[in-house]
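Respectively, the protein sequence lines represent chains A and B. The numbering used here numbers the first residue of the first sequence as 1 and each following residue consecutively. The numbering used here numbers the first residue of the second sequence as 600 and each following residue consecutively.
Careful: at least some of the hints might be erroneous.
Said to hold, decoys possible - Interface residues of chain A toward chain B, partial, derived using beta-carbon atoms under 7 Å:
1) Val-263
2) Leu-265
3) Pro-268
4) Asp-271
5) Leu-296
6) Glu-355
7) Gly-364
8) Ala-442
9) Gln-450
10) Gln-456
11) Glu-591
Since the hints were made in silico from the structure, they are not lab data. Glycine included, every Cβ here is placed at the ideal spot set by N, Cα and C.
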Amino acid sequence: MRPARANCSSRRIVWILLFTVAALVALPMAASPPRKSSKEELLVLPGEIGRSGGRLVVALRSEPKTLNPLTSVDIPSREVIGTMQADLVHINRATQLTEPALAKSWKISPDGLRYTLVLRRGLKFSDGYPLDADDVLFTFRVYLDEKVHASQRPFLIIDGKPISLRKVDAQTLVFQLAKPYAVEERLFDGLAILPRHLLEKPYEEGKIAQLGALTTPPNQWAGLGPFRLKEYVAGQRLVLERNPFYWKTDTKGNRLPYLDELVFLFVPNADAQVLRFQSGETDVISSTGAENFSVLSRDKKDYTMVDAGPGLEYNFLFFNLNDLGEKTSADLLQKQKWFREVKFRQAVSVAIDREAIVRLVYQGRGAPLWGLVTPGDRRWQDEKLPHPPRSLERARALFKEAGFSWTTASNGESTLLDSTGKPVEFSIITQSSSAERSKMAALMQDDLKQLGIRVQLVQLESRSLADRVTQTKEYDACVLGVFSSDADPNADVDVWLSSGRLHLWNPSQTHPATPWEAEIDRLFNAQMYARTFEERKKLYDRMQEILWDNQPMIFLASPDILTGARKSVGNFRPAVLQPYVLWNVEQLYLENDAVNASR
Amino acid sequence: MIFAGFFAPYDPAEQDRKNPYLPPMRLHLVDHQGHFHARPFAYGVKLREGSFDQYEEDRTETFPLKFLVRGASYRFLGLVPSRLHLFGTETDRIYLLGSDSYGRDQLSRFLYGGRVSVFAGLLGASVTLLLGLCVGLAAGYYGGWRDDLLMRLAELFLALPWLYLLFALRAFLPLAVGPLEAFFLIIVVLGIVGWARPARLVRGVVLSAKERDFVRAARGFGAADGYLLRRHILPETSSVLLTQATMLVPQFILAEMTLSFLGLGVPEPVPSWGNLLSSLQQYSVLVSYWWMYLPALIMLPFFLGYLGLGSELQERAEPYKIGR
């Protein structure tokens with residue numbers, strides 16, 4: 001082991017030496033005032049004018065597993081990659097709309113099948129190599145290659161056929177779709193354009209998926225994002241430095257990003273992140289829990305805490321509606337008779353005190369939910385969806401209609417009985433790692449006790465919970481949450497289609513089990529390929545109403561996105577889409593250098 | 600603890616959703632106008648406008664403390680149904696140790712939780728020690744291949760990755776475990792996990808004891824194995840067992856917390872000392888709500904007393920060894 005490591009470090013020194021030479025060569029270019037040469041078509045960003053220099057320190061929950069956009073699935077990796085790579089069309093996290101990025105414009109053919117994208121002229125990767133249409137062709141070839149197993153591939157298959165593309169000239173590309181797809185341009189968001197000059201050879205050797213380890217020498221890795229790799233210290237930090245060739249400027253023509261360095265510290269637990277932030281070791285904090293947020297807001301000294309409002313996470317309760325056949329216990333089959341009764345689910349839904357969940361679980365920093373679209377998603381709310389307050393009378397009436405009755409014991413406790421006289425009781429499983437969801441379940445337990453339903457809570461470690469829900473299907477009910485990656489409905493295709501793996505109450509069906517699930521499938525597919533927003537909205541609203549009528553998921557609440565930053569961080573504008581704080585990292589700046597010097 | 604139902608003013612699972620994280624109420628004898636009241640009373644509280652957990656006293660309302668009031672039903676000694684509580688108020692709820700994040704009375708939770716935890720701890724420790732004692736005696740006394748077998752088994756148990764075995768156990772068990780079953784489950788799990796260490800210690804003691812002169816003499820006079828073990832060797836192990844017992848009980852109360860994490864512990868809303876302590880693991884609770892420490896502080900003298908009891912028993916058992 002030892003000689004190998006020594007060898008490796010000496011090699012790293014060589015790389016660093018080489019790299020400094022490269023940087024020295026690059027330096028005069030970067031240092032000279034950025035000219036708006038006719039050759040370079042830069043993107044001008046509106047916003048506060050910042051000052052250059054300084055470094056921003058950010059904590060990550062864990063070490064990113066990879067820098068390779070093809071293989072990254074974990075949130076830390078994506079957060080880091082987001083600052084090092086760029087896409088053709090980008091979703092503005094604040095407006096939730098698409099904006100030109102590497103592509104300066106796009107055109108859609110009248111039949112909706114052809115997208116023509118025009119790239120910006122004169123752009124360069126972070127190592128100085130120019131970008132052209134061949135890089136884009138190469139990128140999509142890799143994403144669509146089955147052997148690479150890119151996590152983005154499923155999104156590029158439309159109606160069973162992969163997107164095809166061809167080059168018109170060095171700047172222009174045409175994407176051909178098999179079927180008109182509603183938000184084609186949103187697909188481009190997050191699809192990092194890869195440097196062909198670095199990756200083509202490994203790709204042909206079949207080794208591209210192994211690339212992108214954090215130990216990659218900085219000069220062998222490049223992207224089009226605002227930052228590029230500088231240094232990695234295992235177990236401690238990852239340091240990125242400004243990309244001198246970045247293609248955005250502010251309104252005064254200063255080349256972005258403002259920061260010289262972006263440092264990711266690995267801080268494994270949430271409480272430790274709060275302590276680091278309090279002690280000034282990190283400059284921003286994102287997605288804190290409500291409790292820690294109020295601790296920080298209470299003793300705020302030199303930082304601003306911002307509640308960005310409800311995000312896209314929705315939490316819900318669902319019952320086991322799987323078709324289990326004869327193998328399962330008679331007990332569970334008996335319970336499923338209740339769960340399948342739509343009035344039972346409606347009664348449970350109306351008996352839940354959602355306001356109490358928001359207040360006690362999120363300390364009021366969240367929103368109660370009656371449908372899947374959270375208030376954070378601005379365009380897709382269905383205004384017609386009812387928001388009935390908690391009502392035990394209504395719940396009792398629904399139970400009665402469904403043939404349930406009550407019996408009262410000698411000590412005055414009543415018990416709900418089904419039509420065969422069996423007492424109604426079930427268990428709710430939650431993840432022991434999520435205190436919030438366990439707490440929601442404890443509140444529901446108390447809510448339902450008032451109706452004579454005995455609910456037991458079972459905390460399971462996350463993996464065994466996932467196993468029960470998707471594999472063995474031995475559970476009664478479960479509280480889970482879904483983080484949508486985008487404000488557009490299509491992001492959650494796996495949850496709503498009955499064939500989806502995350503169609504949690506009855507996943508991976510070959511045929512829709514119920515008429516209403518078939519209808520949801522139809523509506524969801526129709527909205528996916530509908531052409532106008534109004535048309536899609538109508539279909540999606542209808543889908544939300546069907547979900548409300550049938551309550552396969554009883555929606556509970558959505559937490560706010562809670563963030564904070566030191567007062568010296570300028571342009572701090574957290575959004576409710578990931579990455580909450582770093583979405584405008586190229587515009588973040590530090591107000592005075594003294595703060596940094598003292599560090 | 601046995602009379603928790605009587606001493607605790609409320610049902611430990613009852614949620615008072617208006618009052619999460621309410622600090623302990625102060626009992627007054629003199630009101631804000633300077634009048635003296637013979638009966639202690641508390642002022643009402645109200646939430647400060649727009650906040651989640653900041654309360655202020657509402658001096659317009661007073662709740663005199665009453666003794667022997669009727670409240671939530673429970674079973675006295677687990678048998679006789681009763682509604683009588685040592686104290687309470689007639690109108691609103693009173694929180695002498697504050698409330699937790701659901702607005703549940705911490706005092707009631709502490710008392711009821713003690714019932715679960717202390718008994719689980721004691722019984723778990725007894726199971727562990729009994730197992731450890733039997734194995735240790737057998738291994739130490741008989742020696743030879745039995746010793747080898749038992750000690751290798753003990754080492755195997757010490758070396759097993761318990762976390763994963765508990766995951767497996769969790770998968771085998773039915774999903775929902777009732778509070779009573781959970782209670783016995785904890786005892787059994789703790790007993791099985793813990794026996795190896797005391798067994799090794801006991802074996803060591805037995806090994807040295809059986810070579811002692813008085814034991815050899817007794818054997819020479821023709822004493823049977825059973826008599827020797829009972830009369831001469833067992834007393835030698837008592838000090839080891841007592842120290843183990845004093846150490847195991849607090850350990851087990853904390854272990855129960857870990858088991859809860861794996862879904863093997865006491866389920867919500869049943870309180871236990873383990874889950875009272877687990878809320879203290881959160882930084883925000885530590886810095887914001889000082890009264891959440893109170894159960895831990897009250898546990899401290901309990902454990903100290905328990906340790907004291909242990910050493911007292913030890914002194915009684917072998918006065919000559921301590922050498923006063």
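Hint check results:
1. Residue-level restraint check for Val-263 (chain A) is violated (minimum Cβ-Cβ distance to chain B is 23 Å; threshold 7 Å).
2. The criterion of a C-beta within 7 Å of any C-beta in chain B is not met by Leu-265 (chain A), whose closest approach is roughly 18 Å, and the hint is violated.
3. Against a cut-off of 7 Å between C-beta atoms, the interface hint on Pro-268 (chain A) is violated, since the closest Cβ of chain B lies about 14 Å away.
4. Because the beta carbon of Asp-271 (chain A) sits about 4 Å from the nearest beta carbon in chain B, less than 7 Å, this interface hint is met.
5. For Leu-296 (chain A), the interface hint is violated, the least distance from its beta-carbon to any beta-carbon of chain B being 9 Å, above 7 Å.
6. Interface hint at Glu-355 (chain A): violated, since its Cβ lies 9 Å from the closest Cβ of chain B, which is beyond the 7 Å cut-off.
7. A hinted interface residue such as Gly-364 (chain A) counts as satisfied when its beta carbon comes closer than 7 Å to some beta carbon of chain B; here the least separation is about 5 Å, so the hint holds.
8. Interface hint at Ala-442 (chain A): satisfied, since its Cβ lies 5 Å from the closest Cβ of chain B, which is below the 7 Å cut-off.
9. Interface hint at Gln-450 (chain A): violated, since its Cβ lies 10 Å from the closest Cβ of chain B, which is beyond the 7 Å cut-off.
10. Because the closest C-beta pair between Gln-456 (chain A) and chain B is about 4 Å apart, less than 7 Å, the hint holds.
11. The closest approach between the C-beta of Glu-591 (chain A) and any C-beta of chain B is roughly 28 Å, which is over the 7 Å cut-off, so the hint fails.
In this structure, the earlier hints numbered 1, 2, 3, 5, 6, 9, 11 are contradicted, and the remaining ones agree with it.
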